[in-house]
Every structure is written in structure tokens, then in C-alpha cells.
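K.L.:
Here is what each chain is made of, one letter per residue.
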Amino acid sequence: MPTTVSPSDTAWMLVATALVLVMTPALGFFYGGMVRAKNALNTMMMSYVALGFVGIAWALIGYSLAFAEGGGYLGDFRFAFLRNVGLDAKGTIPHILFASYQGTFAIITAALISGAIVERMRFGPYVTFITLWCIGVYAPIAHWVWGGGWLGKLGALDFAGGTVVHINAAAAALVGAIVLGRRKDYMRQAIIPQNVPFTLLGTGVLWLGWFGFNAGSALGASPVAALAFGNTMFAPMATLVVWSLLDLMRTGKTTAVGAATAIVVGLVAITPAAGFVSPLSSIVLGAIAAPASYFAILYRSTTRLDDSLDVVAAHGVGGTVGALLTGILAQKSWNGVADGALFGNPKQLGIQVAAILATIVYSTVATYVIVKAIGFGFSLRASAKEEGIGLDVTQHGEEAYSRGEGAILVPADGAQI
Amino acid sequence: MKLVVAIVRPEKLNDVLEALYRAEVRGLTISRVRGHGGETEQVETYRGTTVKVELHDKVRVEIGVSDHFVQPTVKAILSAGATGEVGDGKIFVLPVEKVYRIRTGEEDRAAVTPIGAEEGVS
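From first to last, the protein sequence lines stand for chains A and B. Every position in the first sequence, counted from 1, becomes a number in the numbering used here once 203 is added. Every position in the second sequence, counted from 1, becomes a number in the numbering used here once 43 is added.
Each hint should be verified, as a subset may be incorrect.
Simulated restraints on C-beta separations [stated by the list, open to error]: (1) A:Phe498 <-> B:Gly91: 27 to 33 Å; (2) B:Glu149 <-> A:Leu411: 42 to 48 Å; (3) A:Glu589 <-> B:Val113: 52 to 58 Å.
Straight-line Cα separation of at most 27 Å, DSS-like style, residue types lysine-lysine; simulated pairs [claimed, not checked]: (4) A:Lys387 <-> B:Lys45; (5) A:Lys575 <-> A:Lys588; (6) B:Lys118 <-> A:Lys588; (7) B:Lys133 <-> A:Lys387.
Quick look at which bits of chain A chain B covers, simulated, 3 or more residues with Cβ under 8 Å [stated by the list, open to error]: (8) 571–580; (9) 598–605.
No lab work stands behind these hints, which were simulated from the structure alone. All values derive from a computational prediction rather than experimental measurement. Every residue gets a Cβ at the ideal spot worked out from N, C-alpha and C, and that includes glycine.
Kindly produce the complete structure, drawing on both the sequences and the hints.
P.N.:
So, in C-alpha cells, the structure goes:
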């Protein structure tokens, strides 16, 4: 392993880190557009607040548990409080840059879960949950795959986080939706998006950030980064085309919320494969991901499972399709690491299945323990009355769309009137 | 003929509409309004500015009905719109002098009777 810092790799990773960080606010817009107006701020805050609490939890302890050497299942405390994380080379970039880059992943993964429990979870327990989840669920799984743990050693291919980020978050989302229960209006009243342009805006910024997410996962300004970049562009394009046609066939129209969802699903699906498959394979992969998530969403909405913004159908199904297809479509001639089943290495598919199952099992169990533990001390859910009024006013004392009518100024403490 | 004007909570609107539908009351107008009853004010803070919001979001439902429909309409709103807390709203029943249906020029009772109702379809 080279031990000197490469200026070009450092330059690209500085940009990539900023790009991935912006994905979390973008996710706030993506999610915030899809809820009702009375919950818009709360939903967006569920993403934004992760930037603080999860980010600091990562710096203090999460990074060390994920990326310090330790054992096969968990890192040790060598990098706790960012000790021993300096300007020395980690790979070919400064160690502090590597730790920052990985922190942006921890933040957005925790924020992804919020889509399953919007419009009903109290804010305090939510913040407690994602903070503990980052330490107790994200950090260990990141260690398994990327931090020198057992899945990485087994040869599991996860370029930028199909298992670590998306399947992991989706499993946690499923647990959250089940433990929290349905919104009181779910399946009783029409719950429709308050601001579809926000969702489209969020999607666009997510795609921009995803270039940092996937191409940055090459950890340098390398040819593999270029491969991941191209694949991150082409795969969602294919998903968008297929999804639009599915929409057209089913409803006679191509929908905007459908297009936004399609792009995200395509990005999710290419994430584990980005630096491992050929560009043509990425188009195939993106196209296959569309019907899988499309019909998963249709099916979910007929069930009593209130995974409100379809985290499981988009990220769980999309991530699983991507992780499996990585095991089929990977090509050593492109990635220099491993072939997939289609190129003479069927064993790879088995390893991918193992990684997917291990992630689902651990994330489900550990998330359940954390949520239940918090629920033991605090009420997780807003009351039916608070849910009726909306979480913006009841959790934050603010409104997304206030015209100030009837608002009477309360003099600040000590102000002279 | 009467005009029933009800001020209800926005979060109860769907329940009210459902109850009216079940009571076979068709033909209504709603508007989003803000008003002040006896509710406790809600406090909001934006940076250094703290405000008490005295006007709360409500929905006004207006329904023109023939006399024998007044009681079913009022009953539906009373049962579906109530939470038991201050701020559930009011129902006003007003006399109506004249009603016209713009499309046909029909007047009064014919004008407030929903299409199809006279043939017993509804």
C-alpha cells in the first residue's frame, strides 16, 4: 500500500466529500416534498439533524469502530475522538479526508431510515435513535465490508454501499415502520405529496452528490473512478426510461414522482456495482432495477405496512437487485478485482447473497433492540392529536408555509416595550 | 331552504366529508380560513422572534340544503367534526332567500337537489 499522499487523488476526494455531504440536505427535499404540508419541516429536519448528531457520533466513536483495525466484526478504539487521524496517508489521501468522506456516508445512511417513519415519530426519540444506530448498526457493518472485517475478507463486492448503506438502511426502516405502527390516516384518507417540485429538486441534487458517492468510492482520481462515474450516469438513465414506460402502460401517463423515484432507484442499484461492471452492464442493471422496485412499491401500498416513503421498496429492493447483479455482471477486465457469475465466477453470487443476508439479519435485530430500548424510556410516537395538527408545529414550533396572519409578537425577555 | 355553514378543524375535514357523503348530502363548497375561537394560542419561534399564533387554520364548509336535509347535515357534521377539545368549530344554519342553478336556471328546491336525486339515483 502506498504511503504517500497523492495531490490529484486528494483534490478529487475533497470535492467528492463535499458532494456526498450535500446529498443529505437533498434527501431532505426529496422526502420533504412527498409528505403533507403540516409535516414538511419535520420531515426535512429528520435529514438535516443527522448532519449534526450522526456526524459528531461518527467523529467521536463511529469512525474508529468502523475503520480502526480491531477484529473481524468491529474496529477498536484507536481512532476514537479522531485521535491518530492526521495528515498522514490513508491509501493515497490524507487520513482526515478519508475519515470525513466516510462520515458523510454514515450521515446519509441514518437519514435514509426516516422515510419509513415520517409524519408520526417524536423528534427527540428519533434523534436518539439515529445517533445510536450510527454507532451500533452502521459502524459494525461498514467495518465488515470496508474496514477490514469478515465480509470484505470473504470477497463481498460492495463498491459504494449497496449493502452497507441501502440494504442496511432499508432493513432498519422496515423495523422502524413496524414498531412505530401506521399513521392514523394511513389507508383511511388520501395522503398526497405537498410539493412535488421539492422532490424533483432533491432528486437532481442527489444525483449530483451521488457522483461523489460512487466515483469517490474509488478513493482517488483513477480510471476506476471514471468507470464508476459513467455507470452512475447511465444506470439511472436506464431506470428512468423503463420506469417511465411502466408508468405509461399502467396509468396512461408518465408521472413526475415516478421519475424522481426511478432516478433514485437507479442510483441505489448501481451503487454496489459502480466500479465493478462495464458501462453496458450498468444500463442492463439500471433497467432491471426499475420493474423490481416499481412493482414492490405497488405491492407495498396494498399492504398495511406504512413504510411511508417506500424506503424498503426503493433502497431495499434496489440495493438487493444491485448487490446481486454485481455478483453476476462484475468483470475483472474492467475492475481488476473479480469476475461475476456471467464471466465465469459463479461463486461471487453466493458471496453477494451471504453479504446481503448478513446485513439484513444484523441490521434488523440490532435496530429492533435500539428502537425498543428507546421506546422503553420514551414514547416514540406523537399523540393522535399532535399527528392531526402536524409535527411541524408540535415538534418544532414552526410552520413551513406561514403567512404570519394572526401572529402576535411576544417581546423577547428583557426587551423594553 | 337553508345554508349550512360549518367551521371545522382541517384535520377533521375528511371525516366530515365522509359523514356527509354517508348522510347523502351532496353539493358543497369548502374554503381554507383562519379564525379565532377560545383555543390556547400556539407559540412559534423563528430565530429571535417569538410569536403567539392567535388565528388557527380552519376549513369552512358551505352546503345549501332543502329543509328536510338540515338535520341530517348538522348531525353528520356534529358527530364527525368533534374531538371534544376547544377549537372544534361551529355550525351556522342560515335562511336562504333564493337559489339558482347556473347551468339550467332552475330555482330553489330544484336547484339545491343534487342531479339524479329526484329520480332516486342517489
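K.L.:
Quick one: which hint numbers does this structure break? Sort them smallest to largest.
P.N.:
1, 2, 3, 4 and 8
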